[in-house]
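Protein chains: 2
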Amino acid sequence: MEVSKQALQNIISDEDRLLFAENIPAEYLSDALGRRTGTADALVFARSTEEVSGVLRYANENAIPVTPRGAGTNLVGSTIPLFGGIILDVSHMNRVLELDRDTMTVTVEPGMLLKDLQAYVEERGLFYPPDPGEKASSIGGNISTNAGGMRAVKYGVTRDYVRGLEVVLADGTVLKVGGKQVKDASGLSLKHLLIGSEGTLAVITKCLLRLLPKPETTVSVLVPFADLGTGIRSVLTILQANANPTAVEFMERKVVALGESFSGVQYPRPDAGSYILLTFDGHESEVNANIERVRRLALDNGAIDYIVLRSAEQAADIWKVRGALVMAVEAVSEQEPVDIVVPISHTADFVRYINELEASSGMRMIAFGHAGDGNVHLCVVRDGRDQQTWERELHDNMEQAYAKAYSYGGVASGEHGIGISKRPYFLRETAEDNLAVMNTIKTALDPKHTLNDQKSYIVGGK
Amino acid sequence: MEVSKQALQNIISDEDRLLFAENIPAEYLSDALGRRTGTADALVFARSTEEVSGVLRYANENAIPVTPRGAGTNLVGSTIPLFGGIILDVSHMNRVLELDRDTMTVTVEPGMLLKDLQAYVEERGLFYPPDPGEKASSIGGNISTNAGGMRAVKYGVTRDYVRGLEVVLADGTVLKVGGKQVKDASGLSLKHLLIGSEGTLAVITKCLLRLLPKPETTVSVLVPFADLGTGIRSVLTILQANANPTAVEFMERKVVALGESFSGVQYPRPDAGSYILLTFDGHESEVNANIERVRRLALDNGAIDYIVLRSAEQAADIWKVRGALVMAVEAVSEQEPVDIVVPISHTADFVRYINELEASSGMRMIAFGHAGDGNVHLCVVRDGRDQQTWERELHDNMEQAYAKAYSYGGVASGEHGIGISKRPYFLRETAEDNLAVMNTIKTALDPKHTLNDQKSYIVGGK
Numbered sequence: 003m004e005v006s007k008q009a010l011q012n013i014i015s016d017e018d019r020l021l022f023a024e025n026i027p028a029e030y031l032s033d034a035l036g037r038r039t040g041t042a043d044a045l046v047f048a049r050s051t052e053e054v055s056g057v058l059r060y061a062n063e064n065a066i067p068v069t070p071r072g073a074g075t076n077l078v079g080s081t082i083p084l085f086g087g088i089i090l091d092v093s094h095m096n097r098v099l100e101l102d103r104d105t106m107t108v109t110v111e112p113g114m115l116l117k118d119l120q121a122y123v124e125e126r127g128l129f130y131p132p133d134p135g136e137k138a139s140s141i142g143g144n145i146s147t148n149a150g151g152m153r154a155v156k157y158g159v160t161r162d163y164v165r166g167l168e169v170v171l172a173d174g175t176v177l178k179v180g181g182k183q184v185k186d187a188s189g190l191s192l193k194h195l196l197i198g199s200e201g202t203l204a205v206i207t208k209c210l211l212r213l214l215p216k217p218e219t220t221v222s223v224l225v226p227f228a229d230l231g232t233g234i235r236s237v238l239t240i241l242q243a244n245a246n247p248t249a250v251e252f253m254e255r256k257v258v259a260l261g262e263s264f265s266g267v268q269y270p271r272p273d274a275g276s277y278i279l280l281t282f283d284g285h286e287s288e289v290n291a292n293i294e295r296v297r298r299l300a301l302d303n304g305a306i307d308y309i310v311l312r313s314a315e316q317a318a319d320i321w322k323v324r325g326a327l328v329m330a331v332e333a334v335s336e337q338e339p340v341d342i343v344v345p346i347s348h349t350a351d352f353v354r355y356i357n358e359l360e361a362s363s364g365m366r367m368i369a370f371g372h373a374g375d376g377n378v379h380l381c382v383v384r385d386g387r388d389q390q391t392w393e394r395e396l397h398d399n400m401e402q403a404y405a406k407a408y409s410y411g412g413v414a415s416g417e418h419g420i421g422i423s424k425r426p427y428f429l430r431e432t433a434e435d436n437l438a439v440m441n442t443i444k445t446a447l448d449p450k451h452t453l454n455d456q457k458s459y460i461v462g463g464k
Numbered sequence: 003m004e005v006s007k008q009a010l011q012n013i014i015s016d017e018d019r020l021l022f023a024e025n026i027p028a029e030y031l032s033d034a035l036g037r038r039t040g041t042a043d044a045l046v047f048a049r050s051t052e053e054v055s056g057v058l059r060y061a062n063e064n065a066i067p068v069t070p071r072g073a074g075t076n077l078v079g080s081t082i083p084l085f086g087g088i089i090l091d092v093s094h095m096n097r098v099l100e101l102d103r104d105t106m107t108v109t110v111e112p113g114m115l116l117k118d119l120q121a122y123v124e125e126r127g128l129f130y131p132p133d134p135g136e137k138a139s140s141i142g143g144n145i146s147t148n149a150g151g152m153r154a155v156k157y158g159v160t161r162d163y164v165r166g167l168e169v170v171l172a173d174g175t176v177l178k179v180g181g182k183q184v185k186d187a188s189g190l191s192l193k194h195l196l197i198g199s200e201g202t203l204a205v206i207t208k209c210l211l212r213l214l215p216k217p218e219t220t221v222s223v224l225v226p227f228a229d230l231g232t233g234i235r236s237v238l239t240i241l242q243a244n245a246n247p248t249a250v251e252f253m254e255r256k257v258v259a260l261g262e263s264f265s266g267v268q269y270p271r272p273d274a275g276s277y278i279l280l281t282f283d284g285h286e287s288e289v290n291a292n293i294e295r296v297r298r299l300a301l302d303n304g305a306i307d308y309i310v311l312r313s314a315e316q317a318a319d320i321w322k323v324r325g326a327l328v329m330a331v332e333a334v335s336e337q338e339p340v341d342i343v344v345p346i347s348h349t350a351d352f353v354r355y356i357n358e359l360e361a362s363s364g365m366r367m368i369a370f371g372h373a374g375d376g377n378v379h380l381c382v383v384r385d386g387r388d389q390q391t392w393e394r395e396l397h398d399n400m401e402q403a404y405a406k407a408y409s410y411g412g413v414a415s416g417e418h419g420i421g422i423s424k425r426p427y428f429l430r431e432t433a434e435d436n437l438a439v440m441n442t443i444k445t446a447l448d449p450k451h452t453l454n455d456q457k458s459y460i461v462g463g464k
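Protein sequence lines correspond, in order, to chains A and B. Positions 3 to 464 (this note's numbering) are the ones given, in order, by the first sequence. Positions 3 to 464 (this note's numbering) are the ones given, in order, by the second sequence.
If you're looking for bench data, these hints aren't it; they were derived computationally from the structure. One thing to keep in mind: the hints can contain errors.
Copies of the same chain look alike in the list, so a pair counts if it works inside one copy or between any two.
What the hints assert, rightly or not - BS3-like mimics (lysine-lysine), calculated; alpha carbons at most 25 Å apart, straight line:
| # | residue 1 | residue 2 |
| --- | --- | --- |
| 1 | LYS208 | LYS256 |
| 2 | LYS178 | LYS450 |
| 3 | LYS178 | LYS406 |
| 4 | LYS117 | LYS406 |
| 5 | LYS117 | LYS256 |
| 6 | LYS450 | LYS322 |
| 7 | LYS7 | LYS156 |
| 8 | LYS216 | LYS178 |
| 9 | LYS216 | LYS156 |
| 10 | LYS117 | LYS208 |
| 11 | LYS406 | LYS216 |
| 12 | LYS117 | LYS137 |
| 13 | LYS208 | LYS137 |
| 14 | LYS208 | LYS7 |
| 15 | LYS156 | LYS450 |
This structure is a prediction, so every number in the text was calculated from the model and none was measured.
Between the sequences and the hints, there should be enough to build the whole structure, so can you do that?
Printed below as a string of structure tokens:
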């Protein structure tokens, strides 16, 4: 079905929030990586729930595909319009609607950026714990992929901070799920079904988020180890000791070296084979007690040093290297970002397997990530390969990597979502019955499959 | 469709795990309250996933209603068989299947009792934080109602400790959802949809639960206030101060008096109008620091005393009264248990409203509960009313109480579930679109509506 200009103009009053066909900038036809581009008939910048609902109702009545979009920082192709139709962008819906100090909640529109939300609440003595690496991502997007990030070890992931949502279903129905109450045992949890659903079931229009009081202090510690296995094994001991770290990241020395040359910061102890980077937050006495607790454990478990980063500048420098890893890789070559998650008991095994795969395949795979929760980030590097070779070799290697992760009881994505780039591996490794149930739900809620069709778990026809 | 003895005997090998019609003990036809009784053609005690699957497949093929059942401690009628058919009891499936110290997870069968799980892990230096009042409830039941309990303020509810599930769908399909990995952004979260679904979508056969290291120490504090409003308002201040209490309970003096005479324990400061009972856990230095932090806040906010319960015996006595409240009420009269949850900013308003309703209606309503999360327990007392008067007056008063809770942004149940006894209020107060989506999912996953039909959110026909 063709998109009618007139119909959309009737829903979106401002001309400048409605673009058609060849006037749609290329960036809106892709994701953050820009490796693949789709096509679309219209791009709509919605400003309200009513507009979102109007567009979805129109699209649904006319079986027009819709691709929802926030800040466009997605890494797995979720924002690529595969079948033409309408790109429904909510990035203009970026206001704070309410701060409620009594219930420690904030209500924001889905297009608000994570960094803006963090700044807004921290200026007011409050704290939004989820901390995905991409701070220019939108909150709606964070919820749609159940984003994780650095502080997940202590605080959990985005799911744990969503108290309520307003969403619009494929047919335009506006639904409010959850609310300011803390507990809920009242009917099916539609809220939890929607979180992480990658825009396949609904478009988020309001986000009611749980906040915490801002921690009094935050201190990071850099712990060098002779090798990665020793470092990661020590993490299990640390996690079992009630020392309550906020973040536990791991980096191999070769990976740090990349980040160093990109960022200009040098890590101490360049003789280390790997580093564990920890953060602790809370009241000062508690933080100090936990730092000493972990010092003993780390040194007893093979750490070759234990460097408490007391100054904020020093900590910022060390984290800067961690934050720059992906950009450091991308500065030299195209890369495929992977965020496989395995049970933490298998993190070291999985990274060792990746090192072997790298050696046997000749394809560079740079591993780092969240040691505290088994979420391993890989940058699989294209280097000088031509397009065809790159695609073929990448696919072969990824088939093996995902199969290994699933054999350890892991899953394809810890925080990026499945989208289209991980979909072949996710579909291959997921039990048919699970896929069937997911698709039954999809088809029940969006019978015409207008919303983000053929992404993530969606298989089969309409 | 009639239940075939032979068909069930083909699935369940032991004769003593299969009872028919008049041989079914009355307790299996009701819930923990025993006020209402259903009928059933067969009672099956399943021992394995295969048996559960076999029974469900048989029932589904023959459109026979199935009522799943665990320990039978449900308070809202979820375990009452409304339409005959089969009672599928999993209480014999009560083993620990695996303790995995590296991932800090335990896998248990659904019939395991909460108290047995708590004892099992605590003996091993581990900790299962969810702590619903009914310790003889089953883990499968806890998951089916997303049970909460005393420690939810710091640790969250059952949902937050379910890493994975094995379930059997209405047609007998065995599904594994979630796993030992910590994060998951891979397709729809069927796990979270199933948690809290009150046996309407599937029967749980295995529970993979997240554990924490056991806290070093636990200390309770009793804080008397002149009146309830002052006490509850002080809780908001305490929660915003990063003092991290594990439990925050509130009790009016008149409620404590009931518990005292039932349990034989006397509370200090009988001149108080209300008490806040707090617990702190963690490392000793941290617990002590938080106790002193809250002491200042409480005394600045109207507390008339601050009694740290240093001895375990003293703390046990004080908690014994809190734990005995429901039994204290039931010793004198039948009662309707209510567990409405409102945004914490409205807890005091809601309790005040209940006091007014009690005064105007002449029906005793005993309020206490979880001040830290707005989860208000009410015992609505029958006293000398005849059956008809009791039912009518209860219904009239509850319609008002639920309407008021929803007007504050609350919901019908924080932890007990909806079942049949809260269903009229839940259906009345929940938006039609939300009910429609829940029912669409139900019908998509259980087209013949064999599983726990017409309970909780389920409306309309098959």
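Hints and how they fare:
1. Taking the shortest alpha-carbon separations for LYS208 and LYS256, neither the intra-copy value of 43 Å nor the inter-copy value of 42 Å comes in at or below 25 Å.
2. In this assembly of identical chains, LYS178 and LYS450 lie within 25 Å of each other by CA distance solely inside one copy; the values are 22 Å within and 28 Å between copies.
3. Taking identical chains as interchangeable, the C-alpha atoms of LYS178 and LYS406 lie at most 25 Å apart only when they sit on different chains, with a minimum of 19 Å there against 40 Å within one chain.
4. Taking identical chains as interchangeable, the C-alpha atoms of LYS117 and LYS406 are never at most 25 Å apart, the minima being 35 Å within one chain and 38 Å between chains.
5. In the homo-oligomer, the alpha carbons of LYS117 and LYS256 never lie at most 25 Å apart, since the shortest distance is 30 Å inside one protomer and 49 Å across protomers.
6. When the C-alpha separation of LYS450 and LYS322 is checked against a cutoff of 25 Å, the pair qualifies neither within a copy, at 46 Å, nor between copies, at 57 Å.
7. In this homomeric assembly, LYS7 and LYS156 never come within 25 Å of each other (Cα to Cα): the closest approach is 49 Å inside a single copy and 53 Å across copies.
8. Taking the closest pair of Cα atoms, LYS216 and LYS178 never come within 25 Å of each other, the shortest separation being 28 Å inside a single copy and 38 Å across copies.
9. For a Cα distance limit of 25 Å, the shortest separation of LYS216 from LYS156 qualifies both inside one copy, at 14 Å, and across copies, at 16 Å.
10. With identical chains, the CA atoms of LYS117 and LYS208 are at most 25 Å apart within one copy only, with a shortest distance of 17 Å there and 40 Å across copies.
11. Taking the shortest Cα distances, LYS406 and LYS216 never come within 25 Å of each other, neither inside one copy (40 Å) nor across copies (33 Å).
12. Taking identical chains as interchangeable, the C-alpha atoms of LYS117 and LYS137 lie at most 25 Å apart only when both belong to the same chain, with a minimum of 5 Å there against 43 Å between chains.
13. Taking identical chains as interchangeable, the C-alpha atoms of LYS208 and LYS137 lie at most 25 Å apart only when both belong to the same chain, with a minimum of 19 Å there against 38 Å between chains.
14. In this assembly of identical chains, LYS208 and LYS7 lie within 25 Å of each other by CA distance neither inside one copy nor across copies; the values are 27 Å within and 53 Å between.
15. In the homo-oligomer, the alpha carbons of LYS156 and LYS450 never lie at most 25 Å apart, since the shortest distance is 41 Å inside one protomer and 43 Å across protomers.
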